[in-house]
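Participant: Just so you know, the sequences run in chain order A and B. Per numbering that gives the first Met the number 0, the first sequence starts with residue 0, numbered consecutively. Per numbering that gives the first Met the number 0, the second sequence starts with residue 0, numbered consecutively.
Mixed in with the good hints, there may be bad ones.
Claimed, not checked - Keeping only pairs whose Cα atoms sit at most 30 Å apart, straight-line, the calculated DSSO-like set for lysine-lysine is: (1) A/LYS14 x B/LYS61; (2) A/LYS8 x B/LYS61; (3) B/LYS88 x A/LYS8; (4) B/LYS102 x B/LYS88; (5) A/LYS138 x A/LYS660; (6) A/LYS215 x A/LYS199; (7) A/LYS215 x A/LYS660.
Quick caveat, the hints were computed from the structure, so don't treat them as lab data.
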Amino acid sequence: MLNWIWRLKSLIERKRNMVERTEELQFHLDMEVQQGLRMGLSESEARRRARLRAGLLSEGIESTHEQLGLRWLDGAAADLRHAVRSLTRNKGFGAVAVLVLASSVAINTLIFCMLQGVVLQPLPYRSPEQLVRVYDSGKDNSKFAISISHFLDFQANAKTIESIALYTGRDVELSGVAGTESRQLSGLRITPDYFTVLGKPLARGRAFANDDMRTKNRNAIISYRLWQREFQSDPAIIGRTIRLDREPWTVVGVAPEDFEHVGGEYRSPLQGETVDIWVPLPLDLGDVPSGAWHFCNAIARIRPGVTVSQAREELTRLAALYAQHYPNYGTWSVRVEPLLSEVTGRSSDLVWLLAAAGGLVLLVACANIAGLSMARAVARRGELALRHALGASRWQLARVGLAENLLAGFGGAIVGLGLARIGLPLLHQLLPADFPRAHAIVMSWEAALFAVSIAIATVVIAGLLPSAGRTETLESQRATAGRESRRLRFTLVAGEVALAGLLCAGALFLLRSYQEIGARDHGFRADGALTFRLTLQAGADPKQADFTRLYDSISAKIREIPGVTAVGASTNLPWSGYDENTSFGIVGRVEDKTDEPGARYQAATPGYFEAAGMRLISGRFFDWTHEALGQPLTLIVNDALARRYFGDRDPVGAMVDLAGKNRQIVGVVAGIRDHPADFTVKPAFWFPATQQPFPDIFFVVRTRDGVDPTGLTAPVAAAVHSVDPQLPLAEVRTLEHRAAAALASRRFALWLFQSFAALALVLAAAGIYGLLAYIVQQRRKELSVRMALGASRSDLWRMVLGDGMRMASSGVVICLILVPVGGYLLRTFLFQVRAFDPLTIAGVTSALLLAALFASLGPAWSAMRSDPAQALREE
Amino acid sequence: MPNEARAGVLQGTLDLMILHTLAGLGPMHGYSIAARLEQVSNGALQLNMGTLYPGLIRLEAKGWITAHWGQTETNRRARFYALTARGRKQLDNERAEWLRMAKIMAQVLE
Numbered sequence: 000m001l002n003w004i005w006r007l008k009s010l011i012e013r014k015r016n017m018v019e020r021t022e023e024l025q026f027h028l029d030m031e032v033q034q035g036l037r038m039g040l041s042e043s044e045a046r047r048r049a050r051l052r053a054g055l056l057s058e059g060i061e062s063t064h065e066q067l068g069l070r071w072l073d074g075a076a077a078d079l080r081h082a083v084r085s086l087t088r089n090k091g092f093g094a095v096a097v098l099v100l101a102s103s104v105a106i107n108t109l110i111f112c113m114l115q116g117v118v119l120q121p122l123p124y125r126s127p128e129q130l131v132r133v134y135d136s137g138k139d140n141s142k143f144a145i146s147i148s149h150f151l152d153f154q155a156n157a158k159t160i161e162s163i164a165l166y167t168g169r170d171v172e173l174s175g176v177a178g179t180e181s182r183q184l185s186g187l188r189i190t191p192d193y194f195t196v197l198g199k200p201l202a203r204g205r206a207f208a209n210d211d212m213r214t215k216n217r218n219a220i221i222s223y224r225l226w227q228r229e230f231q232s233d234p235a236i237i238g239r240t241i242r243l244d245r246e247p248w249t250v251v252g253v254a255p256e257d258f259e260h261v262g263g264e265y266r267s268p269l270q271g272e273t274v275d276i277w278v279p280l281p282l283d284l285g286d287v288p289s290g291a292w293h294f295c296n297a298i299a300r301i302r303p304g305v306t307v308s309q310a311r312e313e314l315t316r317l318a319a320l321y322a323q324h325y326p327n328y329g330t331w332s333v334r335v336e337p338l339l340s341e342v343t344g345r346s347s348d349l350v351w352l353l354a355a356a357g358g359l360v361l362l363v364a365c366a367n368i369a370g371l372s373m374a375r376a377v378a379r380r381g382e383l384a385l386r387h388a389l390g391a392s393r394w395q396l397a398r399v400g401l402a403e404n405l406l407a408g409f410g411g412a413i414v415g416l417g418l419a420r421i422g423l424p425l426l427h428q429l430l431p432a433d434f435p436r437a438h439a440i441v442m443s444w445e446a447a448l449f450a451v452s453i454a455i456a457t458v459v460i461a462g463l464l465p466s467a468g469r470t471e472t473l474e475s476q477r478a479t480a481g482r483e484s485r486r487l488r489f490t491l492v493a494g495e496v497a498l499a500g501l502l503c504a505g506a507l508f509l510l511r512s513y514q515e516i517g518a519r520d521h522g523f524r525a526d527g528a529l530t531f532r533l534t535l536q537a538g539a540d541p542k543q544a545d546f547t548r549l550y551d552s553i554s555a556k557i558r559e560i561p562g563v564t565a566v567g568a569s570t571n572l573p574w575s576g577y578d579e580n581t582s583f584g585i586v587g588r589v590e591d592k593t594d595e596p597g598a599r600y601q602a603a604t605p606g607y608f609e610a611a612g613m614r615l616i617s618g619r620f621f622d623w624t625h626e627a628l629g630q631p632l633t634l635i636v637n638d639a640l641a642r643r644y645f646g647d648r649d650p651v652g653a654m655v656d657l658a659g660k661n662r663q664i665v666g667v668v669a670g671i672r673d674h675p676a677d678f679t680v681k682p683a684f685w686f687p688a689t690q691q692p693f694p695d696i697f698f699v700v701r702t703r704d705g706v707d708p709t710g711l712t713a714p715v716a717a718a719v720h721s722v723d724p725q726l727p728l729a730e731v732r733t734l735e736h737r738a739a740a741a742l743a744s745r746r747f748a749l750w751l752f753q754s755f756a757a758l759a760l761v762l763a764a765a766g767i768y769g770l771l772a773y774i775v776q777q778r779r780k781e782l783s784v785r786m787a788l789g790a791s792r793s794d795l796w797r798m799v800l801g802d803g804m805r806m807a808s809s810g811v812v813i814c815l816i817l818v819p820v821g822g823y824l825l826r827t828f829l830f831q832v833r834a835f836d837p838l839t840i841a842g843v844t845s846a847l848l849l850a851a852l853f854a855s856l857g858p859a860w861s862a863m864r865s866d867p868a869q870a871l872r873e874e
Numbered sequence: 000m001p002n003e004a005r006a007g008v009l010q011g012t013l014d015l016m017i018l019h020t021l022a023g024l025g026p027m028h029g030y031s032i033a034a035r036l037e038q039v040s041n042g043a044l045q046l047n048m049g050t051l052y053p054g055l056i057r058l059e060a061k062g063w064i065t066a067h068w069g070q071t072e073t074n075r076r077a078r079f080y081a082l083t084a085r086g087r088k089q090l091d092n093e094r095a096e097w098l099r100m101a102k103i104m105a106q107v108l109e
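Work out the full structure: start from the sequences and follow the hints.
Facilitator: Right, dumping it as structure tokens:
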């Protein structure tokens with residue numbers, strides 16, 4: 000230890016150390032000489048004797064330096080100095096290498112940040128690996144909302160799980176504190192163990208108890224952030240009364256600071272700090288059989304030492320037992336999945352895919368820098384030969400090039416990190432709004448370390464690759480020198496072209512998929528419509544008529560705004576991933592109990608279908624007269640439901656049994672997929688919200704062509720407030736914006752792939768250009784001889800272009816072999832595009848050949864213009 | 000050179016000899032250490048600079064001796080080496096060990 004500290008010190012004080020050591024040795028020699036003189040020897044004899052006894056000064060210095068460990072450093076410092084000198088002289092090489100490296104390092108660092116934040120970093124809960132989501136699982140939907148009875152059963156009887164909790168979204172209106180405007184809060188209904196399961200004790204107050212799980216309960220837990228912002232960290236917050244949905248509630252707890260909600264599939268905010276308030280989930284559903292209700296997400300903690308598959312096995316067994324006892328509730332099994340994979344889900348596939356693409360870009364950059372290094376080595380052939388002749392070992396020669404590359408590597412890492420730092424906020428803007436754990440994507444020191452390591456690894460590999468071709472560079476000035484290294488560079492360039500082509504193919508695959516999706520009949524019109532969400536308030540004991548009146552008057556007020564052509568409300572909007580289902584019966588048909596008809600159930604007010612731009616296939620839309628409260632119950636179905644349960648028959652007029660009440664189908668509309676890229680439309684129906692009201696509802700306002708819907712925000716808000724002055728409008732945005740959000744992750748992947756492909760293509764073109772320019776330079780004598788012998792300028796032009804095309808076409812061939820593999824890896828992101836898509840293949844081929852042609856023009860031009868006389872004179 | 004053959008044996012024991020010399024005579028510069036060793040060995044030990052100074056660096060790095068610049072009797076600047084407390088402990092251990100080994104060697108070879 001001491002040894003090392005001492006050595007480090009001597010390294011730091013290296014300059015002084017070297018001077019002093021030399022002085023010490025000189026002193027020793029002088030003393031020897033004086034001793035000789037004292038013995039009566041002549042001056043020169045004394046010196047001879049001193050050298051004989053003490054050795055040469057230079058040998059002494061050498062061996063002390065060796066002992067001090069400075070010799071290695073002397074060499075390294077010299078290499079570095081040499082590299083700095085040489086790079087400043089050849090700014091071109093330095094700048095290109097740094098730039099090439101920096102761009103690919105930046106891309107890969109950003110991807111690393113995503114990978115780290117989204118996939119690798121553990122979730123912020125106690126022992127997150129023991130957390131699982133629990134779903135009910137049926138024949139049509141393997142991940143369905145869990146029923147409350149399953150939850151109660153598992154909570155009481157499952158031995159493999161430590162605790163389990165239910166939760167489901169419930170947004171609430173918080174009345175303004177001290178005169179401020181009321182606002183919509185993102186809320187969550189939970190069962191008592193929610194915080195316990197996650198291992199996050201509350202910051203203040205208490206969690207809910209079993210007694211709280213009643214409909215009439217008015218206790219709430221608020222988020223730390225809400226406590227700080229809205230209540231100025233009031234120390235007496237526990238027990239304080241706040242007004243939620245215009246009723247008094249009592250704050251019983253404050254959630255821990257930085258608490259992140261776990262996210263969920265069914266009416267749940269995303270994972271992250273997305274919840275403002277937690278309220279009890281009532282379990283006293285009265286006469287409603289809880290087994291039939293599926294609207295909750297479940298999170299459970301498995302016991303330490305128990306595996307996910309053991310828990311899965313036990314819960315499946317319990318569910319089977321339950322199904323035997325209560326056959327009326329359908330045969331539901333369960334599904335148990337680790338939380339992390341449920342949270343990251345498809346995004347983790349996307350991130351890994353991007354990581355692979357980023358890796359390809361880095362490979363192209365590596366090949367590019369290798370080509371540059373080789374060109375440098377060949378350009379320095381004379382110098383290296385001289386150094387070799389002067390006794391430099393092969394390793395010492397290689398070190399010079401390596402030092403140069405390392406220097407460029409550090410430069411690339413630093414510039415790349417800077418670019419990544421700039422790119423990070425940009426990446427956040429591009430990220431889809433619902434991208435899981437987007438908040439965890441930050442620059443970290445691990446990312447910085449990663450950037451430096453990949454930069455160094457790239458330049459070292461790039462520096463060592465050409466060493467195969469370097470041997471011949473020592474053999475001085477043969478006229479045909481460089482064939483060996485040219486072949487290697489040719490291979491490198493062809494490889495670059497192939498990889499760039501692969502990335503282009505990926506980008507084209509994604510582009511074609513995106514276009515295919517865009518070109519489909521979506522069943523609604525996204526443009527020219529404004530949407531917002533309301534949670535209607537109709538007093539403590541609302542009646543159906545109260546809500547119906549609110550729908551009616553709000554719609555009527557909005558319709559009065561000039562430019563509005565239609566307005567309506569629905570429980571959900573297109574492409575929202577809405578997924579709530581119910582079973583139903585068709586009157587007059589004997590149903591097989593194990594194959595009950597099921598469909599997405601939704602509610603809509605009159606005017607909604609027109610406002611959303613949906614297409615009527617037969618029958619009619621809802622209207623305020625037919626669907627008024629007290630009129631016969633009605634239903635509108637989509638074409639998928641009609642096909643699935645009525646075949647070719649028009650279902651209009653048919654009666655459907657829904658929750659014990661008969662409803663008549665009055666219309667069939669064109670279906671809308673749950674997600675834009677879904678292959679099929681799920682059977683779905685709407686009942687009139689006027690007959691069965693929902694307080695939580697989305698409004699859609701369609702404007703006349705040419706009227707910008709966002710321009711109507713203020714008048715629409717005014718119209719709503721003229722009915723209820725306190726009612727906050729949440730999530731005000733255009734339908735187009737919502738539709739785009741549903742495609743955001745595809746657009747994100749597409750955008751990134753396009754930029755990767757563009758970068759790789761530029762790098763490959765630069766590689767072709769570099770090699771051709773080098774070849775032309777190398778072959779100037781040959782070209783001159785050819786010209787002297789009668790070759791025309793266009794012959795030379797063709798020759799160089801031909802070289803370029805040969806490189807590109809070898810690359811294209813390799814690329815086309817790889818494309819189906821790429822298509823296979825991309826398959827989950829593709830839509831109606833095959834791996835052998837002819838358009839993609841044609842596109843890639845022409846892109847590569849064009850890039851190659853473009854890159855060859857310069858060198859071909861200079862070959863054509865070379866003056867034979869001058870080239871020959873130079874020899 | 001006459002001492003070349005003995006250099007190998009000396010390598011391992013050079014440390015011990017330097018430490019012993021410094022322990023007996025107090026702070027000394029490199030030349031006088033070499034002169035002293037030559038003297039007590041009756042000319043059998045001639046250390047050249049390439050052997051002596053790396054040895055001194057080694058001992059310094061181990062923390063057994065320290066060095067500082069001072070003046071000689073003839074008013075020249077020279078680097079003086081002195082034993083540290085750790086160095087003295089090391090010397091005692093090494094010396095005892097060496098004497099024990101020498102005794103055993105003598106017994107074996109007799």
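Participant: If any of the earlier hints don't hold here, list their numbers in rising order.
Facilitator: Hints that this structure does not satisfy do not exist here, as all of them hold.
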